[in-house]
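The listed protein sequences derive, respectively, from chains A and B. Sequential numbering of the first sequence, starting at 1, is according to full-length UniProt numbering. Sequential numbering of the second sequence, starting at 1, is according to full-length UniProt numbering.
FYI, nobody ran anything at the bench for these hints, they're computed from the structure. Note that the structure is a prediction, hence the values are computed from the model and not measured. Yeah, the Cβ is synthetic: ideal placement off N, Cα and C, and Gly gets one too. Keep in mind that a hint or two might mislead.
What the hints assert, rightly or not - Short derived list, chain A residues pointing at chain B, Cβ under 10 Å: (1) A37; (2) D41; (3) I80.
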Amino acid sequence: MSQFIIRNEERGHDLIKSDGSRSSYIAGHPDGFVTRASSFDFHEYQAGRPGFGPIRVFGDEVFHGAGCGYNMHPHHNFVICAFVFSGELTHINTAGGGMVDRLSAGDYYVFSAGSGGKHSELSVTPEDMHAIYLWLLPEQLYLPPSYHRAHFDFRRRRNEIVQLVGDGDNTLPIPQDLRVSRLIADKGQNFPYALRTLSHGIYVFVREGRINCNGVELGYRDSMGLSDLATVSIDILDDDSDVLLVETILIDETTIKVWESEHAGD
Amino acid sequence: MANETFKRLLCLGCGFSYDEALGLPEHGLAPGTRWKDVPDDWVCPDCGTPKHMFEMIVIGYAPGGADLAVTA
Ligand SMILES: [Zn+2]
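Only chain A is shown next, with the shape it has when bound in the complex:
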């Protein structure tokens, strides 16, 4: 078994303002800003671990101020998922002939940029918008772009691991051997998670509450990755704990392995 732990404060924490040098990137009034906590080494924003399997971004973001977000920008190849927890995300996307989607708490999307797509993401209501973004490398380059969205019923689906993305029933498809699940649960419950194979790993992120994950206590916005093991055991330590679980095939890890060897013993 091998594992790594990323505490809340060890993530890359950034505040990106909508005025000045980033005004073409960030939308909004001059007082609008995006806060982003990055688990992995996204762009210039964090100096740590470059990813986990095909995952390159796990960004915990808040859009502050009505009109704040990302202006229209292009993507290729990356598969981008967003899970909305509060506020409202207006998503304008060119995939599939173009559309405008509005997502609120519990809603989530999978956008596979493939051969090319553009999108803009905005919070147009006065309330701050909180979402977690997951970016991953696809199984193949230049796939036809696609967009799918769904809703997680967080009021009813308690005390069970619910798969949201990947192969499975009522889940959103994704062009990678990867599954995203969400667990909202109360104190005293235990949840085993069996990995598909020993070639898969799992990234466990505590959005709210406190858990014990295979002997490691994780609190608010702490996370860990585990690999080379058959089952992960999650004990819930606080009521209303909210946990995201990303199980992934461990490929495309050359860059990550180089980083690990350079930082062995840190």
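Based on these hints, arrange chain B with the ligand on the given structure of chain A.
Relative to the frame of chain A, chain B with the ligand by itself:
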């Protein structure tokens, strides 16, 4: 050196890819231009991410994908 396999690199800012075999003719990089021969001050044509923030990848093209990559 001439027999070394062509590499593919991905922009971590936006997912734009550079394929040594294909080059980017529309951006002045002929097919077969090695990554090391791409100027150090070159940036992603789509998002401006600098060259050193591209990652080498080993991922195949979807059917028809290589043709799309040439004109991306
Ligand atoms: Zn780019």
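Hints, verified against the model:
1. Hint on A37 (chain A) is violated. Least Cβ distance to chain B is approximately 18 Å, over the 10 Å limit.
2. This hint holds: D41 (chain A) has a C-beta 8 Å from the nearest C-beta of chain B, less than the 10 Å allowed.
3. Below 10 Å, beta-carbon pairs count as interface contacts, and I80 (chain A) has one with chain B at about 9 Å; its hint therefore holds.
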